[in-house]
Every structure is written in structure tokens, then in C-alpha cells.
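Chain order of the listed sequences is A and B. My numbering numbers the first residue of the first sequence as 17 and each following residue consecutively. My numbering numbers the first residue of the second sequence as 4 and each following residue consecutively.
Simulated from the structure, these hints should not be mistaken for lab results. We put the CB at the ideal spot given by N, CA and C, even for glycine. Keep in mind that a hint or two might mislead.
Said to hold, decoys possible - Output of the computed footprint for chain A on chain B, the stretches with three or more beta carbons under 8 angstroms from beta carbons of chain A: (1) 92-101; (2) 110-118; (3) 178-184; (4) 389-397.
To be verified - The calculated label-pair distances, taken between Cβ atoms and stated as ranges, are: (5) Leu35(B) with Arg68(A): 25 to 35 angstroms; (6) Asp125(A) with Ala457(B): 18 to 28 angstroms; (7) Trp338(B) with Leu104(A): 24 to 34 angstroms.
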Amino acid sequence: MAPIRLLELLILLAALAGFAGLLLRRNLFLKVLAMDVLGSAVVALFVLLAARSGLRSPILPRSGALLAQDYADPIPQAVILTAIVIGLSIQALLLVVITQMARIDPSLDTASFEPSDQP
Amino acid sequence: MTPNWSSAGTLLTIWLLVPYLAAFLAVLLPSLSHGLVLLCCGATAVVGAHTLLHGTNAELQLLGDFGVQLSLDPLAGWFLLLNGLVCGAVWLEARQQAWDRTGWMLLLVLLGSLNTSFLTTDLISLYVSLEVVGISAFLLILRGQSDNTPWIALRYLLIGNTAMAIYLIGAGLVYAQAGSFQFAALAALLPGAPLVLVLVGLLAKAGVFLNGLWLPRTHAEAPAEISALLSGVVVGGGALPLLRLEQLNAGIAELLLPIAAGSAVLGVIYALGVSDAKRLLAWSTLAQMGLVLLSPAAGGLMAFAHGVAKGGLFLTARHWPTRSLSAWREQPMAWPVLLPVWIGSLSIAGLAPMLGYSAKKQLESSVAPPVALLLLVLSVGSVAVYSRLCRAPLARATALRPWGIWLLMLAPLIGGLWRIGQVKSGWLVSLLVLLLGVAVDQALEWQRRRGPVALPSLDRLPDLLGGLGLVGAGLLLAISAGVA
Numbered sequence: 017m018a019p020i021r022l023l024e025l026l027i028l029l030a031a032l033a034g035f036a037g038l039l040l041r042r043n044l045f046l047k048v049l050a051m052d053v054l055g056s057a058v059v060a061l062f063v064l065l066a067a068r069s070g071l072r073s074p075i076l077p078r079s080g081a082l083l084a085q086d087y088a089d090p091i092p093q094a095v096i097l098t099a100i101v102i103g104l105s106i107q108a109l110l111l112v113v114i115t116q117m118a119r120i121d122p123s124l125d126t127a128s129f130e131p132s133d134q135p
Numbered sequence: 004m005t006p007n008w009s010s011a012g013t014l015l016t017i018w019l020l021v022p023y024l025a026a027f028l029a030v031l032l033p034s035l036s037h038g039l040v041l042l043c044c045g046a047t048a049v050v051g052a053h054t055l056l057h058g059t060n061a062e063l064q065l066l067g068d069f070g071v072q073l074s075l076d077p078l079a080g081w082f083l084l085l086n087g088l089v090c091g092a093v094w095l096e097a098r099q100q101a102w103d104r105t106g107w108m109l110l111l112v113l114l115g116s117l118n119t120s121f122l123t124t125d126l127i128s129l130y131v132s133l134e135v136v137g138i139s140a141f142l143l144i145l146r147g148q149s150d151n152t153p154w155i156a157l158r159y160l161l162i163g164n165t166a167m168a169i170y171l172i173g174a175g176l177v178y179a180q181a182g183s184f185q186f187a188a189l190a191a192l193l194p195g196a197p198l199v200l201v202l203v204g205l206l207a208k209a210g211v212f213l214n215g216l217w218l219p220r221t222h223a224e225a226p227a228e229i230s231a232l233l234s235g236v237v238v239g240g241g242a243l244p245l246l247r248l249e250q251l252n253a254g255i256a257e258l259l260l261p262i263a264a265g266s267a268v269l270g271v272i273y274a275l276g277v278s279d280a281k282r283l284l285a286w287s288t289l290a291q292m293g294l295v296l297l298s299p300a301a302g303g304l305m306a307f308a309h310g311v312a313k314g315g316l317f318l319t320a321r322h323w324p325t326r327s328l329s330a331w332r333e334q335p336m337a338w339p340v341l342l343p344v345w346i347g348s349l350s351i352a353g354l355a356p357m358l359g360y361s362a363k364k365q366l367e368s369s370v371a372p373p374v375a376l377l378l379l380v381l382s383v384g385s386v387a388v389y390s391r392l393c394r395a396p397l398a399r400a401t402a403l404r405p406w407g408i409w410l411l412m413l414a415p416l417i418g419g420l421w422r423i424g425q426v427k428s429g430w431l432v433s434l435l436v437l438l439l440g441v442a443v444d445q446a447l448e449w450q451r452r453r454g455p456v457a458l459p460s461l462d463r464l465p466d467l468l469g470g471l472g473l474v475g476a477g478l479l480l481a482i483s484a485g486v487a
């Protein structure tokens with residue numbers, strides 16, 4: 017198996033594991049961590065996409081001349097930087113709310129927060 | 004494109020960025036905040052109205068080929084006008100609630116990020132603006148006072164971010180296959196996993212069908228002004244990109260048709276069953292967002308007509324004597340509140356001469372005959388839903404002056420009268436639908452008095468996440484069945 021295929025498979029597995037964790041874990045904190053696993057898989061996917069054309073950092077040398085063709089694609093790398101920042105800030109906001117909610121139920125069991133009234 | 008495009012493009016960019024700058028200023032100099040909010044809302048409404056009146060079709064590419072792509076067209080014009088009006092009305096109402104500077108900042112950031120999400124036509128700019136919309140909406144929901152508030156807010160952000168992570172995987176795959184992040188590149192691809200992942204994310208943001216099951220409780224539990232923002236415009240941030248994709252590729256519209264129709268049916272059934280008035284409005288939003296997605300030709304007008312009416316209805320919630328629909332008949336409301344409730348209800352139920360009527364007419368004329376028949380059945384259901392709200396008796400006049408609600412309710416009235424010339428026939432059908440709807444409502448009311456309706460609860464956290472997975476799997480199956 018080509019290494020890039022293997023990496024693709026691993027990233028897919030990581031994304032699925034994150035989604036499964038979100039779905040199956042009962043603890044709210046672990047749910048948020050699972051969301052982060054999903055987010056990290058997305059970041060890894062973009063980095064892998066960028067590496068398809070080459071592994072060298074896409075930075076022009078001082079002379080301005082392109083020395084080789086095996087540069088990584090800069091577009092997905094640039095794009096995913098924003099997503100990393102957004103992911104981090106959302107993670108932080110969720111954890112702040114979770115610390116507040118721990119006062120209601122320190123075990124952070126999701127079921128204890130679900131309201132039981134009519135839909 | 005106009006000859007002096009560069010200056011118009013600069014103006015457009017400045018207009019997009021001003022709300023963010025205004026948000027910072029509103030925190031630093033609170034005395035300016037009212038003026039800044041008014042300026043930004045006014046400018047947004049003016050840009051929207053100008054686009055609609057002149058039928059502008061402008062594209063703008065910032066920062067080179069892989070940069071931000073913006074598109075200003077009449078479809079976006081409807082959403083911009085809606086955004087300006089709803090945010091303006093919320094400002095008018097929130098002034099009486101003595102919001103602090105954080106509130107104004109969040110309102111301005113929400114306005115600005117929604118404007119950006121309405122204009123961009125590339126997947127990554129859309130991702131960024133929708134995440135900013137999500138974060139500011141989350142912080143606004145957190146301003147609520149009830150015990151449930153942290154849970155509702157956390158659930159909103161968790162679901163929204165998961166949906167956007169799925170969307171981002173789709174965006175990455177689109178880039179891998181097409182070498183571009185633009186909507187046009189996605190629409191030109193053969194339907195497959197990238198399209199499904201993007202759609203699942205956007206459907207969750209738009210609050211449609213199983214992906215939108217988070218919506219009813221969130222919109223019902225938030226404070227009245229925030230609910231108006233969420234149901235009025237925030238759902239549009241997900242709906243407009245979907246409409247753009249449908250516009251670019253008719254196959255996507257076909258793919259989404261069952262989901263949109265399912266959302267409309269599910270929303271009406273639950274709105275008929277619930278016993279809480281705000282929950283009724285929220286379930287009706289889920290139904291109406293389904294109708295918006297039925298056709299890109301009528302989607303803009305539908306979303307506008309629904310947004311102004313629903314925003315106004317949610318704003319009246321602060322002045323209701325009770326939220327329980329079973330006590331609705333005994334609780335009188337003063338005319339400044341009761342009149343907007345009637346206007347909004349008539350408009351969303353799609354009865355002449357309100358704007359909702361002409362929107363529904365336009366929708367019926369742009370879909371296939373079987374879907375038009377379904378629409379007719381659904382309008383009977385909508386009338387039955389909203390006649391539940393129109394039962395409140397009139398109270399003695401009070402000194403209440405809810406200017407924001409009146410501002411929003413002017414839109415269905417004026418818009419309806421302005422478009423009434425285009426609608427020659429159909430009054431008889433409208434009357435028939437009204438009578439049938441009221442009859443259905445009476446029959447259901449008799450049923451409800453005999454015992455409470457037991458609808459299954461669909462919005463526990465695993466249900467919401469499972470809904471994302473189910474819709475994604477369904478879409479994939481539909482695509483592979485269509486290809487084979």
C-alpha cells in the first residue's frame with residue numbers, strides 16, 4: 017500500500033473515531049475532546065492534501081527562483097490555519113461553559129442535563 | 004459589471020468590514036454604540052434593497068485566484084435586506100431591555116459575519132463566516148437567564164462545530180478533486196462524498212430536517228430578542244449557500260427535494276402537537292426552512308417573508324402573558340402586541356394579502372405539480388398551526404410601544420400590497436385553505452383537550468448527532484442509486 021493511501025485511511029479512521037466518541041461517550045468533557053479529535057483529523061487531512069505535490073515548505077528562496085518542483089501546495093495549508101484557530105477558540109468556549117455546568121453535576125453526565133419535558 | 008467597478012468594489016468591501024470595526028468601537032466607546040448599530044443595520048438594509056431594485060449582479064474577487072470570492076445578486080439581496088431589518092428591529096427592542104456594550108458588540112459581529120456569509124461564494128470564506136456567526140450566536144444565547152441556558156448554548160455550539168468539521172472534510176475533498184474551493188467547482192463535480200459532506204454541514208446550519216433537530220429547543224429557550232435573530236436571519240446563513248448550490252446545479256435541487264419536503268412535514272406535525280407557544284414558532288421555523296429550500300427561484304422571497312414575520316413574532320414573546328397554549332384563550336393581549344401576532348401569523352400561514360401569500364404563490368409556480376399539491380396540504384397545516392396563536396382575546400389598551408415589532412410587521416404588509424397586483428387569482432383557494440385550516444385546528448383542539456399528544460422526543464444530544472449521520476448516509480445512498 018502506498019504510504020499516502022495508508023495515511024488517508026488513518027485520517028479517515030481518526031475522523032470516524034471522533035464522531036463515534038461524540039455519539040457514544042456519556043461524559044460531556046469526553047464528548048468535547050472527541051470533537052477535538054474530529055477537528056484534528058480534518059487538519060491532518062488538509063496537511064496531507066497539501067503534501068500530494070511535494071514535501072518541501074512552499075517558501076520562495078531569497079533569489080526568487082524556483083529550485084525544485086516538489087513544493088507542498090500552500091493553499092490548503094494557508095486555509096487550515098484559520099480552521100485551527102477557530103477550533104481552538106470554540107474548544108476554549110465549550111470548556112468554560114462546561115466548568116460552569118460542573119457545578120450542577122460534577123460527573124458531567126450528559127443525561128443529567130437533558131430536559132425531560134415535551135419536544 | 005459597471006465601468007467604475009473598482010470604486011463600487013471598494014465600497015462593498017468597506018461596507019462588509021465596517022460592522023467588525025464598529026463592534027470594537029462599541030466596546031471601547033459605549034456612548035457611540037447606538038449610532039453604530041443603527042448605521043450598520045441601515046447600510047445593510049440599503050445595500051439589500053438597492054440590489055433588489057436594480058437587479059445588480061456583481062462578482063468580486065479579492066486577493067487573487069485563490070482568494071475570497073464575493074457575489075452580490077438579488078438572491079443575496081433578499082437576505083441582506085432581511086438581516087438589516089431584523090437586526091434593526093432587535094436593536095429597537097433591546098434598547099428597552101438595557102443591553103450592555105457586550106450585547107451590542109455581539110449584535111454587530113453577528114450582523115457583519117452574516118453579511119459576509121451571504122456574499123461569499125467560496126467554501127472556505129463561508130466556513131469562517133459561519134463559524135463566527137455560530138460563536139456570536141452562542142454567546143448571545145448564553146445571555147439568557149434560565150437554568151437551562153448553558154446546556155442549550157453548549158449543545159448549539161457543539162452541534163454547529165461538528166457539522167462544520169464534517170463540512171470542512173467535504174471542502175478538502177472538493178479541493179483534492181477540483182483544485183478550487185469555489186461553489187462553482189463543487190457544483191461541477193460529479194455528485195459524491197464531497198458534496199454530501201458539504202450539504203450535511205450546511206443543512207445543520209440552516210436547521211433543516213434531521214440536521215435541524217437542535218433548532219426547536221434552542222430557538223424556544225433563548226431570550227426573545229435572540230430567538231428573533233436566530234429564527235429570522237441566522238438560519239439564512241446556511242440556507243443561502245444551499246440555494247446558490249441548487250442554482251448552479253439542478254441535480255442538487257433534486258437531491259435536496261425529499262429532505263426539504265420532509266422538513267416541512269415534520270415541522271408542521273410537531274408545531275401542531277406542542278403545547279408551548281415559543282416551541283410552536285420554533286418548529287414552524289424548521290418547516291419553513293424546508294419550504295425555502297424547495298426552489299432557488301422563490302427561496303429568497305420565501306426566506307425574507309418568513310424571516311420578518313417570524314422575527315416579529317418572536318419579539319412579541321416578551322410581552323405574552325403566558326407561553327402555554329392551553330391557557331392562551333384566557334390571557335388577553337393588548338393591541339400593540341396582538342395586532343403584530345395576527346399580521347405575522349397570517350403572513351407565515353400564506354394568506355392574502357400578506358407578503359407570505361405572494362411568496363407561496365411564487366414557490367408554487369416554480370415547483371413540479373406533485374410538490375405544489377404537497378404545498379397546498381402544508382398550507383392547510385400552517386393555517387391550523389397559526390390559528391392556535393390567533394386565539395388570544397384583546398385586552399384594554401396599554402402604553403406599550405414596541406417599535407421594533409411594528410417595524411418588522413410593516414414589511415409583510417407593504418410587501419404584500421406592493422406585490423398584490425401581480426397576484427390576480429387565487430383568492431378563492433386562499434379562502435378555502437383558511438376555512439379548511441381552521442376546521443383542522445378545531446378538530447385537533449378537541450383531540451388535545453381529551454388528552455395531551457405524546458410526540459416522541461427527538462432532540463437529545465445523540466439524536467442530533469445521529470441525525471447528521473443518517474441524512475449523510477441517506478444522501479449517499481440516493482446518489483449511488485441515481486448513478487447506478
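Going through the hints against the structure:
Counting residues of the region 92-101 of chain B whose C-beta sits closer than 8 angstroms to any C-beta of chain A gives 0, which falls short of three, so the coverage hint is violated. By the rule of at least three residues with a Cβ nearer than 8 angstroms to a Cβ of chain A, the coverage given for the region 110-118 of chain B is violated, with 0 such residues. Check on the region 178-184 of chain B: 3 of its residues sit with their Cβ under 8 angstroms from a Cβ of chain A, so the three-residue criterion for coverage holds. Coverage of the region 389-397 of chain B by chain A is violated [criterion: at least 3 residues with CB-CB distance below 8 angstroms; count 0].
A hinted range of 25 to 35 angstroms is violated for the C-beta pair leucine 35(B) and arginine 68(A), which are about 50 angstroms apart. The hinted window of 18 to 28 angstroms between aspartate 125(A) and alanine 457(B) holds, with their beta carbons roughly 26 angstroms apart. In this structure the hint that tryptophan 338(B) and leucine 104(A) lie 24 to 34 angstroms apart at CB is violated, the actual value being about 51 angstroms.
Consistency with the previously given hints fails for numbers 1, 2, 4, 5 and 7, ordered from lowest to highest.
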